[in-house]
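There are 2 protein chains.
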Amino acid sequence: MNIRTIEWKNNAVRIIDQTRLPAEFVYLAIKDLKSLWLAIKKLKVRGAPALGAAAAWGVYLGVKNIRARNFSHFKRRLDKVISYLSSARPTAINLFWALERMRAVAECYSKESIQEIKKALFKEAQTIAEEDRAACRRIGCFGSRLINDGENILTICNAGILATIDYGTALAVIYRAKEEGKRLKVYACETRPLLQGARLTTWELKRKGIDVTLITDGMAAALMYAGKVDKVIVGADRIAANGDTANKIGTYNLAILSRYHKIPFYVAAPVSTFDLRIKRGKEIRIEQRPAEEVTRLFFKKPIANGNIKVFNPAFDITPAALISNFITDRGIINKPYSRNILKTLRG
Amino acid sequence: MNIRTIEWKNNAVRIIDQTRLPAEFVYLAIKDLKSLWLAIKKLKVRGAPALGAAAAWGVYLGVKNIRARNFSHFKRRLDKVISYLSSARPTAINLFWALERMRAVAECYSKESIQEIKKALFKEAQTIAEEDRAACRRIGCFGSRLINDGENILTICNAGILATIDYGTALAVIYRAKEEGKRLKVYACETRPLLQGARLTTWELKRKGIDVTLITDGMAAALMYAGKVDKVIVGADRIAANGDTANKIGTYNLAILSRYHKIPFYVAAPVSTFDLRIKRGKEIRIEQRPAEEVTRLFFKKPIANGNIKVFNPAFDITPAALISNFITDRGIINKPYSRNILKTLRG
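Residue numbers (our numbering), protein chains in the order written: chain A, 9 to 355; chain B, 9 to 355.
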């Protein structure tokens, strides 16, 4: 069976419910705005690129039944929908980027009928998804050139098919390298607290026939010391103009360990993940999530005292200096990043 | 209620069943050798110093009902008991150290009656426990001098009361500093896979009125970057003659992060944890534990595909160069370690 992370199907946004993997592989058909907002909030759909498409389709779900007298009436409603969706999660830029694209399309069509605007919005959402699929393929192509036959790759969280429309970002590099006949071994950090590595990355890599071994997050240094890691590849949730990168909590950790062991550390992401309005990592807002994610397994089984204090940021910032290269859909970005990121994004 | 990790009571070794904390606080009375071996194997009792006492009482449990014709007959049975106990877990030196002390005592009493030898063995086990209690107090005293009022301390796993007879090693420093009126804040790494930090360290620190915050292991770097860690203190399972230190998996990880953020990194342990027969860390045998510890929560609830490959070393080796100081019951050990460890142990 193929994996379709998110798509428009039978008048609904159909997603894989990622909170139920790997125990159950089930699709959810989301037909209204609030359910979509909740699916993002509860991480049923997650991963920066997938969130872009989810938000875009969310806008369409939010406006498709609006009966507006005129554009300004429609626009007020649209702005509310966009503002609501942008409150679901704060860190991944792709969500905001997609919402702004949707807003711009509506403005572009302001002279058309409400029906035409809705059609244009739907089409834009489809385009965002299609573009993401193509971008991931290109990330795979560019990234694979950095990988040699027989290498061992370490990754964290899930930057694969389940984080995108298809193919992934960090894992796209691995899929492509495999298609080119390179033999690889992947190590997946389990990625506490929500175990996206243990639950999602090992699941999709295994389905794709990739040799994968699971480790706990604290084992990465020992694995590197043992000479079992040739490259580290991670995804990104938002990249500042200077290259500082927000990604799943634990990424900064891995970047420091990679530097200490002299292992190349790559960030794979589409250009939509770069946020040029943000100069450096410190300005990126980091989502703080509930303590129960740490003290209870999936909010159920308690694994620590329920009433203890918990620090639970969902992301951390890896300073640009620790990143060997960015792998984007427009090619590899080398240092100095401030200049070369600008050059790549402005084409 | 007081915490008594392990003691001899009513003709049995009474331990707290640490696999059931924090949900249940129950004591187990262990009356035979095999149950004691299993309690060590299954981590019902754990922590290097506590394992020393457990092994010593285990020897007594194993020989107390032997009816031997003569010393050589008794000695053959004793050697079997010691060899059986030494197969429970391979890394913590204190277990082997205590077993050798017990063997030496028996040899010392070879001219006495079997009854006298048994008495001497029982007394030696009690002495090992008493010595550990005193050693932990001294570790606390020496270590507290390194801690300033208002500091934030990060630790991993459990090197506290629950890992010793009383007071702990790394946590002894914190308990003592608090007794001296210093205000401290402790961050506890949850310590996957078996969550000794989340389950045990937060539990005992909270009982002792220490301000503790739980983090996942991957959050340590972000916490350090945020300026929230002034010192890192960890325990040890075995320390080589050059200072390379085996401790809970994830310790080496923290040591690298500490170096990168210029944070002092201390190892607290009694001199019984040093193993001068081992020159460097590479020679220390690292216990590999079952995959199910990672893929299932406490061997029950699955949290990843059951049939994936897992790398699950219980310990890692922190190279001596990353350790700022050792805090022992005979004082602080400074660099150069090879010379000063020898001096401290022989001194």
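A few of these clues could be false.
Identical copies look the same in the list; a pair holds intra-copy or inter-copy alike.
[As the list claims (entries may be wrong)] Simulated crosslink set (DSBU-like; lysine-lysine; CA at most 30 Å straight-line):
(1) K317 <-> K186
(2) K39 <-> K17
(3) K193 <-> K309
(4) K83 <-> K290
By construction, these hints were calculated from the structure, which means they are not laboratory data.
Discussion item. My question is about K83 and K290: at a cut-off of 30 Å on alpha-carbon distance, are they close within one copy, between copies, both, or neither?
Written reply: Cα proximity of K83 and K290: none, with 33 Å in one copy and 67 Å across.
Worksheet item: For K39 vs K17, is the C-alpha pair at or below 30 Å within one copy, between two copies, both, or neither?
Response: For K39 and K17, the Cα distance is within 30 Å only inside one copy (10 Å; across copies 65 Å).
Worksheet item: With identical chains treated as interchangeable, where does the CA-CA distance between K317 and K186 reach 30 Å or less: within a copy, between copies, both, or neither?
Response: between (44 Å within a copy, 19 Å between copies)
Fill in: Identical-chain pair category, K193 with K309, by Cα at 30 Å
The answer is between: 27 Å across copies meets 30 Å, while 33 Å in one copy does not.
In summary, the one numbered hint that this structure violates is 4.
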